[in-house]
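> Could you put the whole structure together from the sequences, leaning on the hints where they help?
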Amino acid sequence: MFSEFLQYLFTGITIGATYALIALGFTLIYNASHVINFAQGEFLMVGGMATVSLTAMGVPMLLAVVLAVILAGVLGIALQRLAIAPAKNADVVTLIIITIGASIFIRGLAQLVWGKEYHVMANFSSDEPIQVFGAVLNTQSLWVLGVGAILVAVLVYFFTRTLTGKAILATSMNKDAARLVGIRTQVVLMLAFMVSALLGSVAGIVVAPITFTSYDIGIILGLKGFVAAAIGGLGSGMGAVVGGLALGVVEAMAAGYLSSDYKDAVAFSMILLVLFFLPRGLFGAKVVERV
Numbered sequence: 004m005f006s007e008f009l010q011y012l013f014t015g016i017t018i019g020a021t022y023a024l025i026a027l028g029f030t031l032i033y034n035a036s037h038v039i040n041f042a043q044g045e046f047l048m049v050g051g052m053a054t055v056s057l058t059a060m061g062v063p064m065l066l067a068v069v070l071a072v073i074l075a076g077v078l079g080i081a082l083q084r085l086a087i088a089p090a091k092n093a094d095v096v097t098l099i100i101i102t103i104g105a106s107i108f109i110r111g112l113a114q115l116v117w118g119k120e121y122h123v124m125a126n127f128s129s130d131e132p133i134q135v136f137g138a139v140l141n142t143q144s145l146w147v148l149g150v151g152a153i154l155v156a157v158l159v160y161f162f163t164r165t166l167t168g169k170a171i172l173a174t175s176m177n178k179d180a181a182r183l184v185g186i187r188t189q190v191v192l193m194l195a196f197m198v199s200a201l202l203g204s205v206a207g208i209v210v211a212p213i214t215f216t217s218y219d220i221g222i223i224l225g226l227k228g229f230v231a232a233a234i235g236g237l238g239s240g241m242g243a244v245v246g247g248l249a250l251g252v253v254e255a256m257a258a259g260y261l262s263s264d265y266k267d268a269v270a271f272s273m274i275l276l277v278l279f280f281l282p283r284g285l286f287g288a289k290v291v292e293r294v
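Note that our numbering has the sequence shown beginning at 4, numbered continuously upward.
Mixed in with the good hints, there may be bad ones.
Stated by the list, open to error - Derived SDA-like pairs (lysine to any residue); straight-line CA-CA distance at most 20 Å:
| id | residue 1 | residue 2 |
| --- | --- | --- |
| 1 | Lys169 | Val159 |
| 2 | Lys169 | Val135 |
| 3 | Lys91 | Val159 |
| 4 | Lys178 | Asn34 |
| 5 | Lys119 | Ala138 |
| 6 | Lys266 | Glu7 |
| 7 | Lys266 | Met256 |
| 8 | Lys119 | Arg187 |
| 9 | Lys91 | Glu7 |
| 10 | Lys169 | Thr188 |
Derived from the structure by calculation, the hints contain no laboratory data.
This is the structure we're talking about:
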């Protein structure tokens with residue numbers, strides 16, 4: 004039935020937009036430092052959990068969101084300054100292991116602070132769903148899509164129109180050359196981690212009313228965000244968006260037409276198929292070696 008297909012499509016686009024935001028965080032840090040930050044999912048978790056906690060204490064929703072995003076940004080800066088910067092001469096594998104360790108550490112702290120139970124956040128607007136050709140669309144899905152679109156537009160402007168964004172791009176292309184022209188590359192890397200954390204936290208906040216949130220939600224969502232980034236091509240912003248949306252839709256269709264038991268397996272099979280035929284992803288840069 005068309006309404007059934009439309010329902011799965013709505014679900015896929017909604018969760019895909021979340022994957023896209025997480026993938027953009029991976030892409031941002033990879034571009035700036037060539038590090039794959041496996042703590043990205045924890046920023047998402049901190050955003051959602053902190054917002055739930057603050058609103059439960061009586062803090063107005065808007066202020067709670069701002070404070071939660073700031074907290075995640077501070078964690079991003081701390082990760083870069085305390086874990087990545089001291090190991091700047093380490094190889095890529097070591098840096099990846101450091102981010103995995105940071106992820107476990109942040110998750111452990113979250114468990115101590117918020118416990119193991121799931122937490123519920125109210126929709127930002129009406130709880131009344133929207134009927135579209137027989138399919139039901141949660142109003143929070145519109146918030147996810149709208150916020151995602153705004154953030155993508157802001158990032159495009161940031162990287163093309165601001166000196167800080169251009170400094171991050173210059174650092175990603177050639178760190179030594181960027182340093183020679185006066186760019187403080189360590190500050191740029193810190194900013195990249197901060198912006199990446201902000202992206203993750205916003206994704207966690209807008210999706211929390213749909214998926215609920217808990218101390219360990221960042222594990223699977225972080226992995227899915229990495230899969231989306233890899234499918235699109237690590238380092239490509241457009242690839243992160245397309246990869247996230249494609250992954251979300253394929254997941255939803257697999258869960259609807261096959262079984263929800265296969266949802267994760269289908270998602271991780273996508274990366275194998277794409278990388279088998281396109282090793283650098285859908286939008287990955289082609290590398291030319293001069294001999």
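> Hint check: Lys119 vs Arg187, CA-CA at most 20 Å. Holds or violated?
This hinted pair is violated, its Cα atoms lying about 41 Å apart.
> Assess, step by step, whether the Cα of Lys169 is no farther than 20 Å from the Cα of Val135, and give holds or violated.
At roughly 42 Å apart (the allowed maximum being 20 Å), Val135 and Lys169 break the hint.
> Lys91 and Val159 were given as a pair; does the straight-line alpha-carbon distance stay at or below 20 Å?
violated (28 Å)
> Lys266 and Met256 were given as a pair; does the straight-line alpha-carbon distance stay at or below 20 Å?
holds (9 Å)
> Lys169 and Val159: Cα distance at most 20 Å?
Distance of about 11 Å is within 20 Å: holds.
> Hinted pair, alpha-carbon criterion (20 Å max): Lys91, Glu7. Please report holds or violated.
Violated: Lys91 and Glu7 sit about 51 Å apart, past 20 Å.
> Does the structure keep Lys119 and Ala138 at a Cα separation of 20 Å or less?
violated (34 Å)
> So if I understand the rule, the pair passes when the alpha-carbon distance is 20 Å or less; does Lys266 with Glu7 pass?
Cα-Cα ~17 Å, so holds.
> Given the hint that Lys178 pairs with Asn34, test it: the Cα-Cα distance must not exceed 20 Å.
Within the cut-off at roughly 11 Å; holds.
> Holds or violated: Lys169 and Thr188, Cα atoms, limit 20 Å.
The given pair, whose Cα atoms are some 12 Å apart, holds under the 20 Å limit.
Checked against the numbered hints listed earlier, the structure breaks hints 2, 3, 5, 8 and 9; every other hint is satisfied.
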